[in-house]
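Those protein sequence lines, which keep their order, are chains A and B. Quick note: the first sequence uses numbering that gives the first Met the number 0, first residue 0, plus one each step. Quick note: the second sequence uses numbering that gives the first Met the number 0, first residue 0, plus one each step.
Any given hint could turn out to be false.
Given that identical chains are not distinguished, each listed pair holds provided it fits within a single copy or across any two copies.
[Said to hold, decoys possible] Once the Cα atoms are required to be at most 30 Å apart in a straight line, the calculated DSS-like pairs of lysine-lysine come out as:
{"id": "1", "residue 1": "110", "residue 2": "86"}
{"id": "2", "residue 1": "185", "residue 2": "152"}
{"id": "3", "residue 1": "113", "residue 2": "185"}
{"id": "4", "residue 1": "86", "residue 2": "101"}
{"id": "5", "residue 1": "113", "residue 2": "204"}
Just so you know, the hints here were simulated from the structure itself, not pulled from any lab data.
2 protein chains.
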Amino acid sequence: MNLALLFDEDFVAPNRVVLRGRRLEHMRSVLGATQGDQLPVGRVNGLMGWGEVVTLTASEAELLVTLDQPPPSPLPFTLILAMPRPKMFRRVLQTSATLGVKDIWLINSYKVEKSFWQTPWLSDDNLRENLTLGLEQAKDTAMPKVHIRKLFKPFVEDELPALLQGKVALVAHPGTATPCPTHLNKPTALCIGPEGGFTPYEVGKLEEAGCQSVHLGPRILRVETAVPVLVSRLFDACL
Amino acid sequence: MNLALLFDEDFVAPNRVVLRGRRLEHMRSVLGATQGDQLPVGRVNGLMGWGEVVTLTASEAELLVTLDQPPPSPLPFTLILAMPRPKMFRRVLQTSATLGVKDIWLINSYKVEKSFWQTPWLSDDNLRENLTLGLEQAKDTAMPKVHIRKLFKPFVEDELPALLQGKVALVAHPGTATPCPTHLNKPTALCIGPEGGFTPYEVGKLEEAGCQSVHLGPRILRVETAVPVLVSRLFDACL
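Construct all of the structure, not just a fragment, from the sequences and the given hints.
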């Protein structure tokens, strides 16, 4: 936690917050904070700055906050991801938030196991918690939006073409002929398949919607590795 | 496991292997392999190819192997890493192996907790196991070398200057003025600090040894995210 992310419900006055739970625990046991300390904070979808510890007890901390710095720029990036298996999903969420991805679409695919959609990590609270951990790692405040689409065909036919308007549109597809472009640094949408990849039918549908198939070289990466590799490759000037 | 990595002790004849344990379990329960199937295999530090399942029982599988393809190119990269906390270390090892990193130096730093060096993940068997998992993910056979240096000063003063000969030498240091270069695609050594970063003294010693301090932008990345981001940024033509 390189920054404590503050939510509306933390504010007891326009410049005062009361923290409990995980953030309090971190302040006490990891940071060893004491009264008078200045800690980095940021308001969700708002400015960043400092919180001065006014009171600190075992059950709560009160901070006087000054928020005057903008968060880092968001990436001009739409990540469209076949729903990963739960333990990977949680890390991919955190990593995506840390990297500055703000628009995440979770879609179905033939090789997504039905059970993946049952994971508690997809609840609103758990999504927010994991995205918060990613933002707090990065020192960012802009909460990513996560869209859940459990049916492949309606998403690809009815929503995807509009979503791709004005963007470079790619699908990562091992074995295809074209390498993934580098340092694009402009609005891009990228589809990443499940373990084992999209089926040829699915790649065909994504191409029909406007995506170009690209590969990342001979190595097969797990999705949690592919996301930072692709973000870094596409947006070297934006990180 | 996109490829089964074969070790000398698996060979019962020049073109026959017997597999048990994890690889057998994977063949049976994940791949659903049966007699006659052709599975991707590779010999550690050797060629890749196919293994035909000759016999398959609950306790062992015998494969007839044909090895005739070279593994993907290694990255011209030396990764010098302050020892991460154990649960991260394991993922960093696997990810580094998957990305094609072949030379990994684990070093000490003021902010490396002493307990990190006690982790069982540093045993020869566990290092090999996790690097194997990373290679099997990538479809690669060239086993990375891991060097353990528990004393910072002797490493930096006595070994590092020679290690950096003929390489671009960098230390990732948030807050410094120079951004990390992109698409170098030539021999590079990169030092990554612990959570909280190298101390100013340590950065000074690394710079004395020939490293240039570079930053990765305003976001603070966990080491498991920084490694793929940096590899992708430095070696876009090599992946």
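Which hints from the list above does the structure break, by number from lowest to highest? Hint 3 contradicted; others consistent.
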